[in-house]
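We have chain A already, so just place chain B on it with the hints.
Going down the list, the sequences are from chains A and B. Oh and the first sequence: position 79 is 81 in this note's numbering, straight run, nothing missing. Oh and the second sequence: position 3 is 557 in this note's numbering, straight run, nothing missing.
Warning: the hint list may mix true and false statements.
Calculated cross-link-like contacts (lysine to any residue; reagent style SDA-like; alpha-carbon spacing at most 20 Å) [said to hold, decoys possible]:
(1) B:Lys-1043 x A:Cys-51
(2) B:Lys-1002 x A:Pro-162
(3) A:Lys-131 x B:Leu-617
(4) A:Lys-219 x B:Asp-897
(5) B:Lys-700 x A:His-111
(6) B:Lys-998 x A:Cys-51
(7) A:Lys-8 x A:Asp-48
(8) B:Lys-661 x A:Glu-141
(9) B:Lys-1029 x B:Ser-1114
(10) B:Lys-661 x A:Lys-8
(11) B:Lys-580 x A:Gln-129
(12) B:Lys-878 x B:Gly-664
(13) B:Lys-998 x A:Asn-49
(14) B:Lys-580 x A:Asp-48
These aren't lab readings, by the way, just hints derived from the structure by calculation. Please read all numbers here as calculations on a predicted model, not as lab measurements.
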Amino acid sequence: MADAKKMLLKILRYDPEHDSAPHFVPYGVPWDDQTSFLDGLQYLKDNVCPDLSFRSSCRMAICGSCGVMINGVPKLACKTFLRHYPDGANVEPLANFPVERDLVVDLTHFLEYIQALKPYVIGNSRQPKDGPNMQTPEEMSRYHQFALCINCGLCYAACPQFGLNPAFYGPGAITLGHRYNLDSRDHGQADRMRNINSENGVWGCTLVGYCSEVCPKHVDPAAALQQCKVAGALDFASSVLHCKKNKEACHVD
Amino acid sequence: MQTITVDIAIVGAGGAGIRAAIEVAKNNPDFTVALISKVYPMRSHTVAAEGGSAAVRQETDSLELHFNDTVSGGDWLCDQDVVEYFVQQCPHEMIQLEQWGCPWSRKPDGSINVRNFGGMKVARTWFAADKTGFHILHTLFQTSLKYPQIRRLDEHFVLDILVDDGRVAGVVVLNMLEGELVQVRAGAVVFATGGAGRVYRYNTNASVVTGEGMGIAYRHGVALRDMEFVQYHPTGLPGSGILITEASRGEGGVLLNKDGYRYLQDYGLGPETPLGQPKPKFMELGPRDKVSQAFWHEWRAGRMEHSPQGDYSLLDIRHLGKEKILERLPMIRELAIEYMGIDPIDAPIPVRPTAHYTMGGIATDQQCESSIKGLFAAGECSSVGMHGANRLGSNSLAEILVFGALAGQGAAMRSKEGVKSNAAALDAQAKDVEKSFTGLLRQKGKEKWSVIRDEMGLAMEDGCGIYRSEELMQKTINKLAELQDRIKKVGIVDSSIVFNTDVLNLIEIGYGLDVAEGMAHSAMQRKESRGAHQRLDESCKARDDENFLKHSLAYYKKGSAPRIEYGPVNITKLPPAKRVYGAEGASQDKQNKEKGNG
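With the rest of the complex left out, here is chain A (with noise of 0.2 Å):
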């Protein structure tokens, strides 16, 4: 890269102890076809500003860690590429976390989301020594697409309605319940709809599929969501039909 052009990125800076608010700053960044924004950032920090602060890893699409806003959309710095923004770009920090410095952001909420939401087999009392689970392909394909999940935020920052509301469980999170609940070896799927189903679960999405748009891997969340309001429906249909048959059991308004 050494007499390569200079493409322009605008950079959301922002140092809580010392700026007021965070703001642009223009800077030159060599490319070639090869370069993604991760290089582009990394070139600076090595060579024109130590203090920027971003969050790297695996440079290879798998770890999650360097979702931001690219020209105001959700993307992973290192698998968006320069060459694809000729008249240069604009880098923020992913929409709708609260920023804590510069590129980084507080995962806080998302994590917690994750937790809440129960995403592990549960249910089976099977043990090593009685050898694996069987389970088809057919299976395991129902579930497989929602297990690709890197967890790196871009759905939340793609979602209007995280935005509006941040106790929202969100596409990420209910994506990962939901792998759970399709998956054979588990039975769970009653104890996870308890939150899924609630105030800020599934219903609060308003379908406007974003998300799906914006996911790296694939993961279709917006899709899991869907379904999710489908067992959702049905769990409450059928706790009315219950209701119906013990009507001495039952305590509707």
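Just chain B now, kept in the frame of chain A:
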């Protein structure tokens, strides 16, 4: 400074660290565990492992065969008692992961499928398409959420350990978001901090794989064992070093030079196997050290393709067909398209050997405990003695599970001893850590850590690459000593305490330099060729069991070169023999069998 007290502190939340945490939590419901990581757990480098994890599965396989492959694959520098325990535990760990929800790839009847891997005589590599590390890490992370007594300290950077009377008593960590130090007191500490691949310039590793865990133990007098053995993975993308899994070859992919010739047949791995019929321990299913060495010879002979990002060979998987590629190798395809602009369904992938894995690490006993009582190590940061001079592909994911669990058990036992530490002494140590950290934050100078990092990385490739010589290693040693001086003159620009990665980069590279010196000096002193340590000097070209069938032990010496000592290798069942693959390997197997029967 805030102080928290837990029963066990685990540093590193990749596969080994989380596996250790679960082991402690499930067996000791009244224990509290601090799971400390400089990144969110799912950003740990385990996530990038692709091909699979070894465990005997098929009726045609046996623990003995897995043992033999591992010991010969490690060129007999493995501790055989450790390998024996390892191969026994692997099936248990893979089944346990299955029951925790890992989506292992299946056969049509719903049973577990396995694939071939390099240096393994029978297919025994469990896989989840080509995202095995990703699924293992996420399964472990998600399962860990079941245990409320696991207290995660995400984005907390370990600065040092606390030691009282020869026994570990906790760690001092930096809360990266708050910029505050925290003293974590614990009855035992597990280091699961990963390898040090980033001391090389071109590598397959995530940017977090910087070696400070090894460096911290090393500065406290714990030996780093077998550090000269650094694995070059034969197939990384030119330039970025992004890993293209060995499973590509396990499934039948072939390596070609620029003339379209399968050159591995000329380097003790032949004869050529028919296209689409991979044969264990032949050709492309040779072990990584041999396959990378073959590349080096072909490259020197001018038979590789050229590019500005370095010369490369071609990995051809086209004959597997679209359906199989999409089913078994979807991520490889995605990576080749995204980062090289090449769809492997239609064209071969350019690849070259790239620094990948540190066989050595923090020396531990068979129970994963280091020479500091209560300080355990597991996974790539450790040297429990199982990989020897060359690790086989798919043995490291298995290792993090088997030894992560074992380290967790050992740490729980140590913690239960309930030894009380001298609180005043620990406070004083923590104060010293704070003082030196504050000093670094204010360090002034004209040097840049990024320049030191790059010069270190290139020096390691020049001197401690696939082939080494005394002259080249000496140059590297001199360069590293020079960088040790220059790093003291690195100026820190960032004046904020919030997420200050300027100073953290400096700390990582500082520890990385120590680890790199351990590697270079251990390499210099090993005057033979074995596994991943191959020398070009005339008297060092062959394996020398008489003088070097032993582990190297590098000891830190402040301000000067490390002291290199040696320790015994535990050989129990498989006496050293010639290490051969391809036709010669098959004929050795046959002879052994006849001997066994006769």
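Cross-check of the supplied hints:
1. B:Lys-1043 x A:Cys-51: holds, 18 Å
2. B:Lys-1002 x A:Pro-162: Outside the cut-off at roughly 42 Å; violated.
3. A:Lys-131 x B:Leu-617: holds, 17 Å
4. A:Lys-219 x B:Asp-897: Holds: A:Lys-219 and B:Asp-897 sit about 17 Å apart, inside 20 Å.
5. B:Lys-700 x A:His-111: holds, 18 Å
6. B:Lys-998 x A:Cys-51: OK: B:Lys-998 and A:Cys-51 at ~15 Å, within 20 Å.
7. A:Lys-8 x A:Asp-48: holds, 16 Å
8. B:Lys-661 x A:Glu-141: Measuring from Cα to Cα gives roughly 12 Å; hence the hint holds.
9. B:Lys-1029 x B:Ser-1114: This hinted pair holds, its Cα atoms lying about 16 Å apart.
10. B:Lys-661 x A:Lys-8: violated, 51 Å
11. B:Lys-580 x A:Gln-129: holds, 13 Å
12. B:Lys-878 x B:Gly-664: Holds - the C-alpha atoms of B:Gly-664 and B:Lys-878 are around 18 Å apart, at most 20 Å.
13. B:Lys-998 x A:Asn-49: Holds, at roughly 17 Å.
14. B:Lys-580 x A:Asp-48: Distance ~44 Å between B:Lys-580 and A:Asp-48 Cα, so the pair is violated.
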